[in-house]
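Modelling step: build the complete structure from the supplied sequences, incorporating the hints.
Given next are the chains, with one letter for each unit.
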Amino acid sequence: MLRVGVSLVSLLVMLMGLTMQPAFAETPAEVLAIFKAEAAGTSGFKDFSAARGAEFFKSKHGGEWSCASCHTDNPALQGRHAKSDKLIQPLAPSANPERFTDMKKVAKWYKRNCNDVLDRECTPQEKGDVLAYLLTIGK
Amino acid sequence: MKFSGKHALGMVAAFLLVAGVAKLALSDDHDGDHGRQVIGNGSENEEARLRRMQPSNPEWLAECGACHIPYPPRFLPAESWREIMIGLDDHFGSDASLDARTAGEISAFLEQNARRKKTIPDASGKYPLRITDSRWFRREHARAASRVKDDPKLRNLANCGACHMQAESGSFSEHDVRYPF
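First to last, the protein sequences are chains A and B. The letter at position 126 of the first sequence is residue 126 when you use our numbering, and the numbering goes up by one with no holes. The letter at position 146 of the second sequence is residue 1146 when you use our numbering, and the numbering goes up by one with no holes.
In case anyone wonders, no lab produced these hints; they're calculated from the structure. Because the structure is a prediction, the values reported are computed rather than measured. Don't take every hint at face value.
The list that follows gives simulated cross-link-like pairs (lysine to any residue, SDA-like), each with its CA atoms no further than 20 Å apart [stated by the list, open to error]: (1) 108/A / 1117/B; (2) 111/A / 1065/B; (3) 105/A / 1132/B; (4) 105/A / 132/A; (5) 104/A / 1114/B; (6) 83/A / 98/A; (7) 1117/B / 1129/B; (8) 86/A / 1101/B; (9) 86/A / 1068/B; (10) 1118/B / 1132/B; (11) 83/A / 1114/B; (12) 1126/B / 1143/B; (13) 58/A / 69/A; (14) 86/A / 132/A.
Partial selection, computed: residues in chain A whose CB lies under 8 Å from chain B [unchecked claim]: (15) 46; (16) 47; (17) 80; (18) 81; (19) 84; (20) 85; (21) 120.
Quick reminder that beta carbons are idealized off the backbone N, C-alpha and C, glycines included.
This is the structure we're talking about:
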């Protein structure tokens, strides 16, 4: 009887533990699918390219910074804010499972960072290419 | 001790519970109470008590603290914070724009807890936008300013944590100052 009770308590505690994990709103694959749906509405769109994303990520676009200026050439590593020097956690989902799991945050940071790097917002193609690239990066 | 499946289940359960609580505690998304809170951690010495009394706000901590240390509201007058929060899309050269609800909440928190001492605007009627341009700041950092200028590692005076070891948690007491030069 006691054993059954202990098992039940264990199970309940386990279930509580599971439900207390804050659920991620999206997965990186779902975020990519959202970009794809946006890109599909633009002319000439074929697919996302990780190679193009890598090139885009590491290049400057007329301004002072590239994406890599803060996120480094290896997005699986920690970066530092080019101005404030604040530590930035890795951008690649393989190294940081919280990345690209909240569309609101994704939209906020793409808007800000594209403005800083390109002086304009990024196109759905560019956003998808970069995410496709980040998803190819292993641990 | 016999290591049964039940023990293993219990251990997994305990781990998940702890992990769940830790995850919640570390999460920087706060959907709950957005009211005024206080920071509290560590043992309760005088410094810790002072830190605990610092006004805090989860949105301010998460959003301002995402790119630099969350500069305490008491470092600038309300007029300055208002101006800064209006211009977030060009925040000292970076786009730091926020949605209107979040910006509104952070503005209210900053203005409520802003520097109380009367700040005199400059000749053109403008209030300082940089903490480092404030008269009180320049007065207190006159000696450090010349040292920082010559050291590329320190970058600039806005890098509070280079000398103020407890800057992240909002304490700028002289007891916590360690000069790296």
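Verification of the hints:
1. Restraint check: the Cα-Cα separation between residue 108/A and residue 1117/B comes to about 35 Å, which exceeds 20 Å; the hinted pair is violated.
2. Distance restraint check for residue 111/A and residue 1065/B: the Cα-Cα separation of roughly 18 Å lies within the 20 Å cut-off, and the hinted pair is therefore satisfied.
3. About 30 Å separates the Cα atoms of residue 105/A and residue 1132/B, which puts this hinted pair outside 20 Å; it is violated.
4. Distance restraint check for residue 105/A and residue 132/A: the Cα-Cα separation of roughly 18 Å lies within the 20 Å cut-off, and the hinted pair is therefore satisfied.
5. For the suggested pair residue 104/A and residue 1114/B, the alpha carbons sit about 29 Å apart, so the restraint of at most 20 Å is broken.
6. Note on residue 83/A and residue 98/A: the hinted pairing is violated, with a Cα-Cα distance of about 24 Å set against a maximum of 20 Å.
7. Using a Cα cut-off of 20 Å, the hinted pair residue 1117/B and residue 1129/B holds, with the two alpha carbons roughly 16 Å apart.
8. Of the supplied pair hints, the one linking residue 86/A and residue 1101/B is violated, its CA atoms being roughly 25 Å apart against a limit of 20 Å.
9. Using a Cα cut-off of 20 Å, the hinted pair residue 86/A and residue 1068/B holds, with the two alpha carbons roughly 6 Å apart.
10. Distance check on the hinted pair: residue 1118/B and residue 1132/B sit about 17 Å apart at the alpha-carbon level, within 20 Å; holds.
11. For the proposed pair residue 83/A and residue 1114/B, the alpha carbon gap of about 25 Å is over 20 Å, so the pair is violated.
12. For the proposed pair residue 1126/B and residue 1143/B, the alpha carbon gap of about 26 Å is over 20 Å, so the pair is violated.
13. The straight-line distance between the Cα atoms of residue 58/A and residue 69/A is roughly 8 Å, inside the 20 Å bound, and the hint therefore holds.
14. The suggested pairing of residue 86/A with residue 132/A is violated, with an alpha-carbon distance near 26 Å, which exceeds 20 Å.
15. Checking residue 46/A against chain B by beta carbon gives a least distance of about 30 Å; that is not within 8 Å, so the hint is violated.
16. Interface hint at residue 47/A: violated, since its Cβ lies 29 Å from the closest Cβ of chain B, which is beyond the 8 Å cut-off.
17. Interface hint status for residue 80/A: violated, as the beta-carbon distance to the closest one in chain B is roughly 10 Å, over 8 Å.
18. The closest approach between the C-beta of residue 81/A and any C-beta of chain B is roughly 6 Å, which is under the 8 Å cut-off, so the hint is satisfied.
19. The criterion of a C-beta within 8 Å of any C-beta in chain B is met by residue 84/A, whose closest approach is roughly 4 Å, and the hint holds.
20. Interface hint at residue 85/A: satisfied, since its Cβ lies 6 Å from the closest Cβ of chain B, which is below the 8 Å cut-off.
21. At about 11 Å, the closest approach between the beta carbon of residue 120/A and any beta carbon in chain B exceeds 8 Å, and the interface hint on this residue is violated.
Hints 1, 3, 5, 6, 8, 11, 12, 14, 15, 16, 17, 21 from the list above are not met by this structure, while the remaining hints are.
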